[in-house]
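Asks: Using the hints, build the complex out of the two chains.
In order, the protein sequences belong to chains A and B.
Heads up: the first sequence begins at 1 in my numbering, then just goes up one per residue.
Heads up: the second sequence begins at 1 in my numbering, then just goes up one per residue.
Treat the hints loosely; a few may be bogus.
[As the list claims (entries may be wrong)] Straight line, CA to CA, 25 Å or less: simulated DSS-like cross-link-like pairs of lysine-lysine:
# : chain 1 : residue 1 : chain 2 : residue 2
1 : B       : Lys716    : A       : Lys74
2 : B       : Lys532    : B       : Lys278
3 : A       : Lys64     : A       : Lys136
4 : A       : Lys74     : A       : Lys64
5 : A       : Lys18     : A       : Lys35
6 : A       : Lys64     : A       : Lys149
7 : B       : Lys716    : A       : Lys35
8 : B       : Lys716    : A       : Lys64
9 : B       : Lys716    : A       : Lys149
[To be verified] Now the stretches of chain A that chain B is said to cover, found in silico as 3 or more residues with beta-carbon under 8 Å:
#  : stretch
10 : 32–41
11 : 101–112
Because the hints were derived from the structure by calculation, they are not lab data.
Positions of the beta carbon are idealized from the N, C-alpha and C atoms, including for glycine.
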Amino acid sequence: MSEQTNTATVDPATKAGKYLTFALGKEEYGVEILKVREIIGMMEITSVPRTPHFVKGVVNLRGKVIPVVDLRLKFNMEEADRTEETCIIVVAFRGMEMGVVVDRVSEVLDIDGEQIEDAPAFGVDVDTDFILGMGKANGRVTILLDIAKVLTNGELEELATTADTAA
Amino acid sequence: MQDRSDLTRHLVSLSAELLAADPTDSEALVRIGAAVEEALEATEAWLPQDQEPLTLILAVLQAVYEKRCPNADAAMMAMATAAAVAAGTAGGRPEEIPDAPAVLAQLRGLAAAEPQAPASAPETSAPQNIAGAAAPQAPSASKPDQAAPASDYAQPFTMPADTDLSLLAEFAVECLDHIAAAEGSLLELESNPDLPEPINVVFRAFHTIKGTSGFLGLDRVQRLAHLAENLLDRAREGKIHIRGGYADLALESCDVLRTLIESVREVQPGAQVPVPPKFPELLAVLANPEAAGVGEESEDAPALRVGDILVGQGRAQREQVEDVAARQGDRKIGESLVEDGVAAAKDVAQALRTQDKLTGRSAGEATIRVGTERLDSLINMVGELVIAQSMVAQDPDVQNRARPRLQRNVAHAGKIIRELQDLSMSLRMVPLKATFQKMARLVRDLARKAGKDVRFVTEGEDTEIDRNMVEVLNDPLVHMMRNSVDHGVESAADRTAAGKEATGTVRLRAYHSAGNVVLVLQDDGKGLNRDKILAKARDRGLVESGKELSESEIFALIFHPGFSTADQVTDISGRGVGMDVVKKGIESLRGRVDVESRPGQGTTFTIRLPLTMAITDGMLVRVGEQRYLLPIVSIERSFQPESETLSTVTGRGEMVLVRGELLPMLRMHRLFTVPAAVTDPCHALLIIIEGEGRRCALMVDELLGQQQVVIKSLGKSFEQVAGISGGAILGDGRVGLILDPQGLLELADRSAASMAA
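Just chain B, same shape as in the assembly (with noise of 0.2 Å):
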């Protein structure tokens, strides 16, 4: 909350919930002080001093939440109250605030009233009236239509006219993404629902949705977060465990927020926004999910105690820790533990930091948006302020030795520099995590569609990929998951027949390779019918028959459009259902996709994305006055040959011995006819870089250093220049070429198939 229209807004919706409530409703009661303290939280720090009208109604509404209110109605009367004050004072109508002092002074009396002992919970406790509490400013009337009772959240709602459309957009991004990671950590949960970190990132999402959705006067985002929160609050306090059931109740309640949030993004203000079919169902399930037959499998819930920490990580033993925990009285815990021997001081401090870290709430990263085009010219602009400093800092006047101080300075302002390019190299890219969870998401769901048991496997999902890729990357993803899991991935009975383990497994892996991102899907489903793809292809005319064609060009068959329709290719188990916009999609990226599939053992797709816009790590070459840089993550090793290792193979060129094994050699100063460079090999350096799996010598004059940089286009006049991928910034302000491994091959083999020519 930023300032005080924000909170008396907050005020406002917290006064409608209040007067909308039940008073013997406990969850409601509950519901609302929680929101009542997340108020509190927010505004302790600047509540006005002169509003002791607001701090008094604030501290009312906690004693309604600790229950230590004896008398329910007496405290929703006074409530009421309190919301008009609010509300009057949000809509800075004085003529509307109920007469303060009376008000104050019934608060004051129920303040008294409450007893320090606690009394029995509200809902229990039959009403009766305390004298003088009977407020009759309670403009109960006035409000009721701000607050939905349960049986309308079928209908559609209006959005408040008054909506601020950016604040909305922005609202409903961040509810995607905090929906996004409560849906990965939802994940992760049903393979360890103990986990707390996951629990509370999931808690803190909804619990977020519900207080924003609060300002915006969303109600009914607002009841849906709220009661998945309260869901996921239980979990937090080891009542439950989110698995089973329950996980499949919360994901419901992603995907009905993220469906609600998505028309409320496209709706204008004072328009209906439509309500997703089973939303009150869903409403009433989460209200009470075990009513409704939501559960788990029972166990012991452990609660998130220090001494359960010392057990799980082998320090202490839990007979022991149990034993100290039953006669521990007022003390606590760890000082217990460790003065009895059964931990370690250092082990139990430790194990408190943990539980801090497992149960604070400040792991949630803060961010904000920022247009892509602002931050490309901020990436620019930093790598010219590089420059510029390199610049100076080799200037003579500053590089003079009389001047130390300058020097000195000089050098300061260039670690600065070097630390802001770092941040902003890293800005654009974005690990393909987010990714791999919504892939796992779409796997579960698909697997439980189809009745099958799949196992999901992720790796390399911290690989970083362009922000901009990861967005195009993802449909094709989607149509490539489905594939596997629907098709390719048997049933558990045809798996067990074929001798295969009834679990499936897809995997998903993500790393770097020779400049290239590469994604690798695996499945270990029964794989391609080469010969039903082939005659279907023969069938429509694609491949003239009695021509043979490799197992990679039939395969490659099933990217080809209009090949992909689910009828036509039943038999051949409907795979191909849209691969050719995979194929589009990927290569809309400039990238490429490859199949290999074996039958019986299964079907791995391979997506070989170029860096472009990408940071890559580069090798600084030297050939004659030119340098270049070399993809790192191409580069085996360099050494300087020795003469007898070289020679030159008739039709092949030269050649050199490494390590026992002969790999053909490229001058580099032949193939960019580069004047002035060495060109006695043993004077000179070899590389040994990789491309697509072949390997071969390159030999350039030194060994420049290492460099981290931007890959930028040539633009299209040099698009097609081979062996050269792009251009980079290099230190000094100069474009340094890209070195393009397999470009340089592909030079390589033309120039040797015209040598022997």
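Okay, chain A solo, but in the shape it has when bound (with noise of 0.2 Å):
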């Protein structure tokens, strides 16, 4: 957990910034601003045989195939019916491009240095690395994700051995 305590010490001013805000049940998410390039309404998603389950396949972002990703399957959470709200955030980071669907877009958030907690440790067994903080503006906690570690922690390695171990 040690280098969880480094991401704790990180100064929280430098996570100071815009984020997007998104639902996901009842939980409020954010993500930088910086990382989204644009947001989706939900349109037929192509599955991928043999890849974890929380990714949900590919679509055409206008003749360009991009993965997408269920972050409410990414979270354990359980999957939600499709609504008019439902969308897919483009995110970019590390020269790719990849949707997130989420269940509803909220706003643009501004948040200054001081309203981001560190996040919480839960203990040994949680990791939380894939969160860069807390926020608290306009009364409410938003959890903010560094949305490049939610999506390649391990993703990588797991769809590599799921194609291993399917044989």
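Replies: Here it is as structure tokens:
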């Protein structure tokens, strides 16, 4: 857990900035606005066989094929029915683009450094590495995500192992 | 030439040439005449009416060209004046324009003095002054620095300081393309020196290079291109045949031109451009090849005549045609032939068309260059346009029968968009032809150098491949060619001793197979020496002693880096030089190279390249609610099985009997765990697919139709998904997954293995 302490000691001021907030179930999450490319409506997703369950598949983003991950499934929440508000946030990091299915996009939130608290340590078994911090603004708590870590943490390895063990 | 400034620039360069030319040098006069003719042709349409001096100048120059002018000296003087006028006009410096009316008067006098009958050629007529033609204005002293005397051609030359760099870059690319085309045609001529079209291609290449380099003031390039053009012009007229020494000369001109252009490209304006070492010698030889001992086996020169074409096509008898030609008089030979019943009118018309085609200048394809990024986004956009269009077409409002006009218009738009799509799909792909031609040239040169007799056979040069891949592919191919010719094919003596044909054969084949582009390079040389490779590998500790290796494993050792230096493996004929480079190059394209060899019979390299970025024809199949694309090339056929042809073999899974052959049956819905799919094979469809020589029957619900799609990568995350080679955008905007037959077979193997375990 030493790594986690490291992240925790990062100056909160560096985390300040604009976040796009969205809802998953009753919780509110935020993702750095600079990593967000665009928000698109829900569309038909082509599922890719032999991939982890949270990978919904791929979609066509104006001629470009990008993978789509269901954040609910990734966070071990129940899959929700699609509504008018269900949408895909396209994020870009490390040179790749990826779509993230969320229940609803809320707003763009400007959060100061002092409004951000470190992610709580839940104990050894809970990995909170992908949480940048907890934002407190407008009387609500928003979980600020390090989206790159959410989406790549173990995912590639998991994909590789899926392919291997599937036999 | 786009506008007036281009014309004037061109005239300036012409003037410079004129001034430097020796009036007794008929060759130079002809050359200048050709340039004048070209200028006339290009400017005729928009030559300014108020520029009477210019028109007159050009007319006089043309007269010189046609050698109708009785006095070379006077003509030269007139030209010098004309050049000065042109230069003054071009530079926009009126004070430098000589007294125009006076010049005009002289020129008119000169034109009037022109005899109608052809006079003796200017170079033979003694210089004499025509009264009044001694133009004192001729500012010949102000110009000679613009054109270098022949002896200076060995010196580096200076790039004009006002060179437009982007223009220069375009020029270089264009020239290099032309040179490549010329080389290809020259090689074609080697085997068939009488084909007119290749000669024309080469001629046009030199001609264009000459023209453009003239604009840019690159006189060395222009001079060389010009002389080479003359050589080809003689071939065009049937005076010589491009073979033997002439072919070598033309090819050498290509090489030197390329070197020159490449150095020009790298030099800043105003800087010195080095000249290739043998440049002056080459110029001298080109100026008069026969004097330098260059020639061909003498042969009657058949001109390109209608009669010859007819005889060549077997439509008429030679004796008859010649008979008709002898008494043809003023009439056209075609008419006479038809009238005398020697040939049918239809055949004559056809021959005339052939003649037009062969001699015409229109065959060259015009091209422009576009960045690949813009091209890619264009292709993407067109793809999206197609989808958007089909959404409109399927909209209930449009489908409403009450609105036939709307329906018609939408359908019309759809047709256009589909054409647009076909076009955009083909943009990125280029045939391998250019690469093959390069290799042909390489083999030819290598064989000459090594003193070997090698026949180079290509097949499938129309196979299309992504442009980006062509560039990467070049290096590995060069390495492999070099190996095959240098070390694979034996000398004629060795071959005869081994009881083989004295001429070795190197074969390069390309074709599409199972979603791959396959290149096969085959030689009939001595083959790899497996024992020596193995011994060497053991020596170097690459293989543990005592360990047995299969043949293919041994041959694969030649791709090992460090296994490649000639001094280490001289005994096995040095093969392996740079083979690690080959492997790396191919692998960077995500391709594969295999080697097969038989002692005494030769070696075969097989390169398989994936179709990343390439266009593929796919069959859309449905399994449950999922749709997949299966590369058409890997599909053998599809059918609905009868229950009695199905069986289950222990340890090998389900099998189906197809035409007496037992093939494994793969259920797509099981492999990919697709819900709601047809589970009874008798109600489903079986598609026989082939991958890497293995076959199996793939069970799907139904076939939805054929589609041409662009393969798109699924990105890093999905690179390793077994059985899927990529994605493609389908007609409704959704992503379709492209199946990889090879991967499916491997997947089936693994599941069979786990079932057996």
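Asks: Next, verify each hint and record whether it holds.
Replies: Hints and how they fare:
1. B:Lys716 / A:Lys74: Within the cut-off at roughly 19 Å; holds.
2. B:Lys532 / B:Lys278: Violated - the C-alpha atoms of B:Lys278 and B:Lys532 are around 43 Å apart, more than 25 Å.
3. A:Lys64 / A:Lys136: violated (37 Å)
4. A:Lys74 / A:Lys64: holds (23 Å)
5. A:Lys18 / A:Lys35: The given pair, whose Cα atoms are some 11 Å apart, holds under the 25 Å limit.
6. A:Lys64 / A:Lys149: At roughly 23 Å apart (the allowed maximum being 25 Å), A:Lys149 and A:Lys64 satisfy the hint.
7. B:Lys716 / A:Lys35: holds (18 Å)
8. B:Lys716 / A:Lys64: holds (14 Å)
9. B:Lys716 / A:Lys149: Within the cut-off at roughly 16 Å; holds.
10. 32–41: violated (count 0)
11. 101–112: violated (count 0)
Going down the numbered hints, you'll see the structure goes against 2, 3, 10, 11, while the others check out.
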